[in-house]
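Undergrad: The listed protein sequences derive, respectively, from chains A and B. This note's numbering numbers the first residue of the first sequence as 97 and each following residue consecutively. This note's numbering numbers the first residue of the second sequence as 39 and each following residue consecutively.
Since the hints were made in silico from the structure, they are not lab data. Misleading hints may appear alongside valid ones.
Claimed, not checked - In the DMTMM-like style, the derived pairs of lysine to aspartate or glutamate whose C-alpha atoms are separated by at most 25 Å in a straight line are:
no., chain 1, residue 1, chain 2, residue 2
1, B, Lys330, A, Asp465
2, A, Lys283, B, Glu138
3, A, Lys283, B, Asp390
4, A, Lys127, B, Asp92
5, A, Lys382, B, Asp41
6, A, Lys147, B, Asp92
7, A, Lys127, B, Glu83
8, B, Lys294, A, Asp521
9, A, Lys127, B, Asp284
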Amino acid sequence: MHGDNTSPSLSSSSSAADRRLSALVTVAYNKDPSPVKLNLGVGAYRTEEGKPLVLNVVRRAEQMLVNDSSRVKEYLPIVGLSDFNKLSAKLILGADRHICSGYCRGFFKLIVNDLTYIVSNYPYNNGLNESTFCLLGDSPAVQENKVTTVQCLSGTGSLRVGAEFLARHYHQRTIYIPQPTWGNHPKVFGLAGLSVKTYRYYDPATRGLNFQGLLEDLGSAPSGAIVLLHACAHNPTGVDPTLHQWEQIRQLMRSKALLPFFDSAYQGFASGNLDADAESVRMFAKDGGECLVAQSYAKNMGLYGERVGALSIVCRSADVASRVESQLKLVIRPMYSNPPIHGASIVATILKDRSMFQEWTIELKAMADRIISMRQQLFDALRSRGTPGDWSHIIKQIGMFTFTGLNSKQVAFMTKEYHIYMTSDGRISMAGLSSRTVPHLADAIHAAVTRVA
Amino acid sequence: MSDSVFASVVQAPEDPILGEGKPLVLNVVRKAEQMLVNDQSRVKEYLPITGLADFNKLSAKLIFGANSPAIQENRVTTVHVSGTGSLRVGAEFLARHYHEKTIYIPQPTWGNHPKVFTLAGLSVKSYRYYDPSTRGLDFSGLEDLGSAPSGAIVLLHACAHNPTGVDPTSDQWEQIRQLMRSKGLLPFFDSAYQGFASGNLDADAGSIRLFVADGGECLAAQSYAKNMGLYGERVGALSIVCKTADVATRVESQLKLVIRPMYSNPPIHGPSIVATILKDGDMYTEWSVELKAMADRIISMRQQLYDALCARGTPGDWSHIIKQIGMFTFTGLNTNQVAFMTKEYHIYMTSDGRISMAGLSSRTVPHLADAIHAAVNSVA
Numbered sequence: 097m098h099g100d101n102t103s104p105s106l107s108s109s110s111s112a113a114d115r116r117l118s119a120l121v122t123v124a125y126n127k128d129p130s131p132v133k134l135n136l137g138v139g140a141y142r143t144e145e146g147k148p149l150v151l152n153v154v155r156r157a158e159q160m161l162v163n164d165s166s167r168v169k170e171y172l173p174i175v176g177l178s179d180f181n182k183l184s185a186k187l188i189l190g191a192d193r194h195i196c197s198g199y200c201r202g203f204f205k206l207i208v209n210d211l212t213y214i215v216s217n218y219p220y221n222n223g224l225n226e227s228t229f230c231l232l233g234d235s236p237a238v239q240e241n242k243v244t245t246v247q248c249l250s251g252t253g254s255l256r257v258g259a260e261f262l263a264r265h266y267h268q269r270t271i272y273i274p275q276p277t278w279g280n281h282p283k284v285f286g287l288a289g290l291s292v293k294t295y296r297y298y299d300p301a302t303r304g305l306n307f308q309g310l311l312e313d314l315g316s317a318p319s320g321a322i323v324l325l326h327a328c329a330h331n332p333t334g335v336d337p338t339l340h341q342w343e344q345i346r347q348l349m350r351s352k353a354l355l356p357f358f359d360s361a362y363q364g365f366a367s368g369n370l371d372a373d374a375e376s377v378r379m380f381a382k383d384g385g386e387c388l389v390a391q392s393y394a395k396n397m398g399l400y401g402e403r404v405g406a407l408s409i410v411c412r413s414a415d416v417a418s419r420v421e422s423q424l425k426l427v428i429r430p431m432y433s434n435p436p437i438h439g440a441s442i443v444a445t446i447l448k449d450r451s452m453f454q455e456w457t458i459e460l461k462a463m464a465d466r467i468i469s470m471r472q473q474l475f476d477a478l479r480s481r482g483t484p485g486d487w488s489h490i491i492k493q494i495g496m497f498t499f500t501g502l503n504s505k506q507v508a509f510m511t512k513e514y515h516i517y518m519t520s521d522g523r524i525s526m527a528g529l530s531s532r533t534v535p536h537l538a539d540a541i542h543a544a545v546t547r548v549a
Numbered sequence: 039m040s041d042s043v044f045a046s047v048v049q050a051p052e053d054p055i056l057g058e059g060k061p062l063v064l065n066v067v068r069k070a071e072q073m074l075v076n077d078q079s080r081v082k083e084y085l086p087i088t089g090l091a092d093f094n095k096l097s098a099k100l101i102f103g104a105n106s107p108a109i110q111e112n113r114v115t116t117v118h119v120s121g122t123g124s125l126r127v128g129a130e131f132l133a134r135h136y137h138e139k140t141i142y143i144p145q146p147t148w149g150n151h152p153k154v155f156t157l158a159g160l161s162v163k164s165y166r167y168y169d170p171s172t173r174g175l176d177f178s179g180l181e182d183l184g185s186a187p188s189g190a191i192v193l194l195h196a197c198a199h200n201p202t203g204v205d206p207t208s209d210q211w212e213q214i215r216q217l218m219r220s221k222g223l224l225p226f227f228d229s230a231y232q233g234f235a236s237g238n239l240d241a242d243a244g245s246i247r248l249f250v251a252d253g254g255e256c257l258a259a260q261s262y263a264k265n266m267g268l269y270g271e272r273v274g275a276l277s278i279v280c281k282t283a284d285v286a287t288r289v290e291s292q293l294k295l296v297i298r299p300m301y302s303n304p305p306i307h308g309p310s311i312v313a314t315i316l317k318d319g320d321m322y323t324e325w326s327v328e329l330k331a332m333a334d335r336i337i338s339m340r341q342q343l344y345d346a347l348c349a350r351g352t353p354g355d356w357s358h359i360i361k362q363i364g365m366f367t368f369t370g371l372n373t374n375q376v377a378f379m380t381k382e383y384h385i386y387m388t389s390d391g392r393i394s395m396a397g398l399s400s401r402t403v404p405h406l407a408d409a410i411h412a413a414v415n416s417v418a
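Work the whole structure out from these sequences, hints included.
TA: Structure follows, in C-alpha cells:
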C-alpha cells in the first residue's frame, strides 16, 4: 500500500534532540523504586505533602467564570484581555512612593483617594514581623499611557514576543544574559533573531553575586545593547543584587543607554511581598527611561499550565507606546493569532476583586514562607551535622532554587546513594522539600561533601 | 530628555475586519468544562511540551480516522497548539529540517497565511485556485502545482476553503493527489472546519484521508475553534504523518525544539475540554449533533439567501452561494459594490466580497438580499 511518493522522508537528516536536564531528572526519579527518593529538579511549587497546589482563590475564580452562563468563548483581541493587561501592568509597575512601616496585627485594606493600600505581614530574615503599607496604585508611566501591555503565553511567550519585536524594530540586536540563566533563555532570544552574549553574574567562590564582573561586562557592552535582568529570585542561582546594587546597575545601564528587559517570574513568590519583589523593575520604570518586562503568573498564582503572562513595554511617550503596540500585534498574529482566554480571565477576576486579591496575597505569602522555612531548616540541619563549608548561601539566596555549590560528582553520588534527584549543576528546588525530607537531604549533602571531592 | 529608542517604529495597519458570526458555546462544551472545573483532584501543572497526550491521540484519530494504518503503525506525531500555532510550528519545523523551503498557497487564501509562513522562514509562492468568472475552482490553475519544484510544500485547505468556500470534488482531489505525489510535493493541510462544513466529520476529512491512505507523508493543522466553538481557548493540533515510526519519533523531538523557545508548553484548559468530549461516547454524539446543527444552519442560510436573490430577480448567476461550502461565501461583489452596501445598507463585510454566512439569520437575509440587489443594479 505504498504510494507513488518518491520524495525523501521528511527528516532523514533529523537527529534526536537534546532533552531538557530537569525533564531527565524527573524521568530518572520516576523510575527509582526507593521509598526515600526525593525529586529536587521540579520547577513547580509543592506543598509540605509534596503535592502540586491549586490556590483556593484560583479555584473560586475559575468556578465563578465557568458557572457564569453569560460568558462566551470568543476570540480575544490579538493583544489579549484588556482588563488583564491593565491589571498586570499595575501589579508590576505599581508605585511604591508611600511605603511606610508600622506595627500592626492582621490584615486589612485601606482605600484612600481611590488608591488601595494593602496591609500585609511578612517576616524579615531577622525574625521581626512588620506590617508594611504598600501603595497599589498606578505608576506614573501607567497613568501617562506610556506603557503598552500585551497578554502572552506565560513568561516564555512574553520573552519571545518582546525579543521578536526588538529584533525587528530596535537598532541593537544583541542581548546580554546573565551567566548562568534559565536554560531556555538563549534559544528564546536566538530564535527570535537576537544574538546572545553573556555577562558574569554568579560567583562560585562566594556562591553570591559577582558584582564586579557584572559591572565590568555591562560596562563594556556596546551602547544600546539589550540586557536581560531577572527581576527577583534569579533562576537558577537564587542570588539577587541588593537594592543598592540594583541602583548602581540602573545608573550604569542608563549611562550607556543599555535597554533593560526584565524577566519577572516570581513576583510575590520570592519574598512573599509583591511590592518588594517588583522593586528592581520599578526603579527602572520610574526613572523616565524605557524598558521591557515579561511577567509570568505560573508560580505566583500557580497557573503553570494555563500559560498566563504579559509583556509590558514602558516607552517615552504615549504616542510611541501606541505605535509599539501596533507592531507587537504583527508579531503575535502570525504566531498564534490571539492568546487563550481561560487563564487570563482567572487572573483578572482575582486582581480586580479586593477580597480575592487579598486572599491571593495571603496564599502567595504562605507559599513563599514555606520555601523560606525550608531554606532555614536545611541550613540548620547542615550546621547541626557540622557539615564542612559555609552554607549560609542557602538562606541568603531567594526563590524556588538554591545553587548548592555541589559539583557533578557529588550530585551523582547523592543520586546513587541517597536517591536525591537534582540537576548536575548542583541546583535544588526548595519547593520539592518538606520538613520530613530535609534531614535526608542534609545527610546526603553531608556524605557527599565529606566523601566525594 | 533623550528620544525613545522606538521613535522610528511606524504605526502598523489594522488587521482587516475578519468578521464572523457571534460564537455560540456548545452545551456539551459547557458540560465538559463544568465537569473539569468541579473536579477537585485536577491540578494546573505544566503540560509536556507536546501537550496533553490524550488530546493528541484523539485529535489524530478524529482527523485521520480511528482505523488509520498510519496511526496504528505509530507513524504519526501529534502536538497540541492552536490552529494558527499549528501552522507556524509546522512551518518552522519545515524551514529548519526540510530540504525545500518554498510553500505554495492557494490564491486567495486566509489573510494570515502568508505571514505565518514567511515569519517561520519559508518563502511563499501561490497557485491559482479561485476562478472569478465561474466563482468556482480554477482547476486548470492547478497546473501551477505541476510546475512547482520537486519537493515543494503545498498548503491545502482540507474543506470549506477560506475565503472562497470553493472546494475540489472528490475526483479533483484524487487528481491533485496523484499530481502531488508524482512530483514529491509535500502536502500541508489546514483543517479548520472539520464537521462544520458538511455537518459530517468523516466527509470533511476525506481529502486528508485520501493522501494519508496512499502511505505518503503530510502535515495537518487542525483547529477546534469553529467546530467546537472553542475560539478563544486556542485549541488545535499539528500532526505530521511520516514514513516510519522511527522518523515520527525524531520529528517529534525536533518539534519540541521549535515549541519550547516559543511558549514552552501549551495551555491546558481548551484541550482538556476537547479530550473530555472526544473520549466519552455520549458526549461525542452530543457534540456531533450540535455540530451538525451549526452546519445545517449555515447551509440553510445559503439556501435562503439564494432563494431571496432569485425572488428579487437580481441579475446574475447566484448559484455559487449554494455550491460553495463552509462559513464564507465569495459573493463576487467588487469593492465599489461592497462600499455601497456598507454605506447604504450598513452591511459590514471584507472588501473582497466575502461574507460570513454564520453572521446571517432568517431575519436578516432579506436585508442582505436587498443590499446585494441594490448594489448589483446601481454600482458597476
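Undergrad: Evaluate each hint against the coordinates.
TA: Here's how the hints hold up against the structure:
1. Lys330(B) with Asp465(A): violated (53 Å)
2. Lys283(A) with Glu138(B): It holds: about 24 Å lies between the C-alpha atoms, which stays within 25 Å.
3. Lys283(A) with Asp390(B): Not satisfied, since the Cα-Cα distance of roughly 40 Å exceeds 25 Å.
4. Lys127(A) with Asp92(B): holds (22 Å)
5. Lys382(A) with Asp41(B): holds (16 Å)
6. Lys147(A) with Asp92(B): holds (23 Å)
7. Lys127(A) with Glu83(B): Satisfied, since the Cα-Cα distance of roughly 20 Å is no more than 25 Å.
8. Lys294(B) with Asp521(A): holds (23 Å)
9. Lys127(A) with Asp284(B): Within the cut-off at roughly 24 Å; holds.
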